[in-house]
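The listed protein sequences derive, respectively, from chains R and U. Numbering-wise, my numbering puts 406 at position 406 of the first sequence, and it's gapless, one number per residue. Numbering-wise, my numbering puts 134 at position 134 of the second sequence, and it's gapless, one number per residue.
Treat the hints as calculated values from the structure; they're not laboratory data. A quick note: this is a predicted structure, and the numbers were derived from the prediction, not measured. Some hints could be false.
To be verified - In the DSS-like style, the derived pairs of lysine-lysine whose C-alpha atoms are separated by at most 30 Å in a straight line are:
id	chain 1	residue 1	chain 2	residue 2
1	U	K69	R	K496
2	U	K13	U	K43
3	U	K92	R	K330
4	U	K69	U	K116
5	U	K9	R	K330
6	U	K43	U	K9
7	U	K43	U	K92
8	U	K13	R	K496
9	U	K107	U	K43
10	R	K330	R	K496
11	U	K43	U	K116
12	U	K107	U	K69
13	U	K107	U	K92
14	U	K13	R	K330
15	U	K92	U	K116
16	R	K496	U	K9
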Amino acid sequence: MSRLPFYLLVGLLLVMGIGLSVHRHVTLEVPWTPGEQREVWEVEALVNFTAQDGPVLVNMALPSRQQSFRLLTEHTASPGYGLAFLEENGGRRAQWSIRDASGNQQLYYTTQMLATPDARPPGIEPPELHSDIIWERPYDTAAAQMIERAWNRSADGFTFARELIRDFGDERQGENSRLLLTQFERGPLLVRLLNQAGVPAREVSGLLLEDARRRQTLSQWVQVFDGERWALFDPATGEQGRPDNLLLWEASGQAVLEVQGGTNSRVTFSMLNRNQPAAAAVRSQLAEDTLLNFSIHSLPLEEQALFQTILLIPIGALVVVILRILVGIKTSGTFMPVLIALAFIQTTLITGLVGFLLIVAVGLVIRNYLSYLNLLLVARVTAVIITVIAIISLFSVLSYRFGLNAGLTITFFPMIILSWTIERMSILWEEEGPREVLIQGGGSLLTAVIAFLAMTNPWVRHITFNFLGVQMILMALILLLGNYTGYRLLELRRFKPITED
Amino acid sequence: MWNWTSPGKLRAKGIIGMNRRNIRYIGRYNDRRLYPLVDDKLKTKILAQEYGITTPALIGTVATQFGVKHLREMLHGHDGFVIKPAKGSGGKGILVIDHVEDGAFIKPSGVRLTLKDVERHASNILSGLYSLGGSPDVAVVEALINFDERLAEYTYEGVPDIRVIVFLGYPVMAMMRLSTAASDGKANLHQGAVGVGLDIATGTAIRGVQFDRTRLDHPDTGHELASLHIPDWDTLLLLAAGCYEMTGLLGYLGTDVVLDRDHGPMLLELNARPGLAIQMANGEGLRRRLDLIERQPAGCPPEERVAFAQHHFARRSELESNAVSAALAV
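Pulled out of the complex, with its shape left as it was, chain U reads as follows:
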């Protein structure tokens, strides 16, 4: 069994490896000084409000172990909510409560938690269990997103989010992350979520992968992915592109956006070290797109950058052609 490919083939596909990402893009374009704005979700939220970028509503924050005792009062009246560490990474420590039932907190998977469990989770966040380097942290409590019903059949339990890589302010590649039973409602690809590559021009699905292998449908709902089309696509791209100015010109940025039923695209969080799985979901390397952007003059307004990206990075779906060939085979 030969499961290896050659560096030459990867280079031909324009795939970027970890080392290249770290040195060539993150090291060169991401000023360390700006990291706190991105690594601290609370700071990102406050900054986003300044720049008029919509984010999920803040219910409150817990900054001290003493404050954990007041969690019950804070949560009173909120049906669904999310508790996350302000400085967490890789989706660690995010607790999603779908609804509250007779004092029990129900996770999207149906697991029931007591108030004690929720308090312990907040306490763990404060002591730095999930934060980078184990430093003391703040727990952020946000309202649950009422996600767009049109996307409900593409996801299982959790909220699907859209990751857009923004390079020097240009949206270069996008994918949607659909949570599955395997990923416990979380939208992390390495935990088993399905990644769907999105066409930058139209917001339609190009290709789907789970555990790095191609998929044509959602493993739990069985819904085919070819018909996936993101509503409000242009607004979403504009919002993602605007994060470049908002963060003080972080060059290589991962923006996580969710679609809310009432408020449209919302910025969930930013990532200064976005992963490389997006290349798998799109079936294409980032290299050529990033090279093209590097040759563009600086200082274009977001609208022009989005238009440029939509013009140059348009792609045809592989899913439809697959579906057609599958139909032909039948």
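Bound conformation, chain R alone:
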């Protein structure tokens, strides 16, 4: 029988598991270690306007994912207003609407942006060139001259834009530029001139992020395209490049804020910089799940907490597999140690160990008496279950009376599993003697403690929870272990006498 399909399956699982994990790490910046800190900006936009006793429609641009920043969460506070998020011309917008409003109105929009230093800029479609640009006299000649001047001193779109903007600067401002500036605003004018010269460009608005600043406004930038690439230019200085702390708020050449049915509208921003653990930053990541980004972060928080535990079970099971197949430790009940380890997570290790030993010891004494009563098996195990519950209740009450609150966590032990453990150990005691009980009980506890240590390791928790691909790697490992025909560690001891002569 060929083992090829088996190794193909294992290889496939490994490749898929590693691939999925790396994908999550690269595209979603989920860090490999839980300790890493991530910078999160909390930005609040406040829209202010005076309503004119009638229907109001407010349309504001919203930031989207971009180079250096990723959108984590967003909230709005706008009592009485209808709200919709729209996608328009490649930009996101929020639309507030109300039938009747009067007086001063305030609308809030808050977003959390994750600073991601190594993020690649998402591809941006260059805007269409406006070919039907018509200038009135005498602006047409002024514009043509300015374009020609800058064109001659430039090599490509970017240098052309730089030279053009410098010609509007204070130092080199000539007659042409002064004339044009009397009629046009600087930003739209630049875009217009660039377009006329065949260079795609648009005006965008950005927010310079500084910690704990309030009442900030957006600054204007000119985004110039040269083939696949694009660059930002400061329309005042002609400086090329995007400052690290610039968050592009509106990047599709539209108005930032449009208010119908209101006057005196303006939008101001306040912001706050926070450092938070990377894991928490990942947790608040907006769910944009595709098949590849499949993650449990899209579940409600309560279910996430549940899954955090469920995803650890394979780790505990792996410990059992290693200890049984590679080491050869005997346990009472194959996966009972994993359940005990799960209980230890709730109770903490020392309390858990003491509680476990107390329950099993007292349970064994009582079970010993039950065996004299000549009961049927199911009835006897049920009697043990009730006994275990009684022991747990008693210990809880006692420890509470003595002020030991840790004792209360004893209720996290799986009672039915414990009862079966007691039953099995009791039979083992009768048949094989106390030595075998110690070996198997000790083996179970040792396995449980190692499983507990593995499952509470912060790194293991982080990896299993954030990288579902790890489950496939675990699967592949366990399949490989299931194929191991070599000696177990303890067999090296067991078969020692044979090799002696």
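Assemble the complex: chain R is given as a structure, and chain U must be docked to it using the hints.
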């Protein structure tokens, strides 16, 4: 204190570990479909009767808790008997009653049990206490074996049985398990019984171990093991080899055989997951023998398989050479 050996040394000795046994032999040669025939001692018994293989006489079975009440009538007139779970494993739940005395049931160790104790034991068996996975079971009551007197001095209380590993129908390795005071009359090595490796060619003792350590004599009777010779050895091997066909070709099989004074070798039970302690008793790994058998063509009749094994697996006793060297030392 260094009590560990290296994997290389074990491999050189041809020792098979648990993992290899499970994957390479049990997993490959034992069809799961056939397990019920072996795991259920009642089914094995009925099958053995069909194939003309002798087994201890069946006194009766108890299948319901109600039936436990009729145990007294069933046992009436039988002096010694054994109650065992049909689906037990590892010798668990086997109650041996040596004889009955004024209504009290005496175990080979001399412990007296009342009828209530015996009934409780049967009841425990029915509720699945000793069976694999705790499933409800049937209690099988068998006549006690009148074991061969010639072997009496090699055992303490219990009946010694002979375990033969049958691989693809070839008897590959054998040992005798002698119960001791430590093992409470049971013939399980991990409970303290003495394992004596047997030469496949002649049925004489090769080496003895207790608790995985070498022994030259029986710990309770003090009788030396070197002179141990199994009577009817060829018949016994043939009976063991025949179990291959009987079970529908279970490839890796442990057969437990006892020697009865009147009926000769009897099949006690079969095991589809025989343990590895037999390697300790023989001081040799199974690997080379199993490799040799795997190279043999299939379809030989049992007689040829036994002859092949006797020819290839013959060994000299270590006990005699030990005795000689011990004598020389004196």
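Against the structure, the hints come out as follows:
1. Restraint check for K69 (chain U) and K496 (chain R): not satisfied, since their Cα atoms lie roughly 50 Å apart, outside the 30 Å limit.
2. Restraint check for K13 (chain U) and K43 (chain U): the C-alpha separation of about 37 Å exceeds 30 Å, so the hint is violated.
3. Of the supplied pair hints, the one linking K92 (chain U) and K330 (chain R) holds, its CA atoms being roughly 17 Å apart against a limit of 30 Å.
4. Our distance criterion of 30 Å between C-alpha atoms is met by K69 (chain U) and K116 (chain U), whose separation comes to about 10 Å.
5. For the proposed pair K9 (chain U) and K330 (chain R), the alpha carbon gap of about 24 Å is at most 30 Å, so the pair holds.
6. Between K43 (chain U) and K9 (chain U) the CA atoms are separated by roughly 41 Å; this puts the pair beyond 30 Å, and the hint is violated.
7. Under the criterion of a C-alpha separation no larger than 30 Å, the hint pairing K43 (chain U) with K92 (chain U) is consistent with the structure, at around 18 Å.
8. For a cut-off of 30 Å, the pair hint linking K13 (chain U) to K496 (chain R) stands: about 11 Å separates their Cα positions.
9. The suggested pairing of K107 (chain U) with K43 (chain U) holds, with an alpha-carbon distance near 27 Å, which does not exceed 30 Å.
10. With a C-alpha separation of about 19 Å, the suggested pairing of K330 (chain R) with K496 (chain R) holds against the 30 Å cut-off.
11. Restraint check for K43 (chain U) and K116 (chain U): the C-alpha separation of about 28 Å stays at or below 30 Å, so the hint holds.
12. A threshold of 30 Å between alpha carbons decides the hint, and for K107 (chain U) with K69 (chain U) the separation of about 21 Å falls inside it, so the pair holds.
13. For the hint linking K107 (chain U) to K92 (chain U), the alpha-carbon distance of about 16 Å falls within 30 Å, and the restraint holds.
14. At most 30 Å may separate the alpha-carbon atoms for a hinted pair to count; K13 (chain U) and K330 (chain R) meet this at roughly 25 Å.
15. Straight-line distance between C-alpha atoms of K92 (chain U) and K116 (chain U) comes to about 20 Å, which keeps the hinted pair within the 30 Å bound.
16. Restraint check: the Cα-Cα separation between K496 (chain R) and K9 (chain U) comes to about 9 Å, which is no more than 30 Å; the hinted pair holds.
The structure does not agree with the numbered hints 1, 2 and 6 stated previously, though it agrees with the rest.
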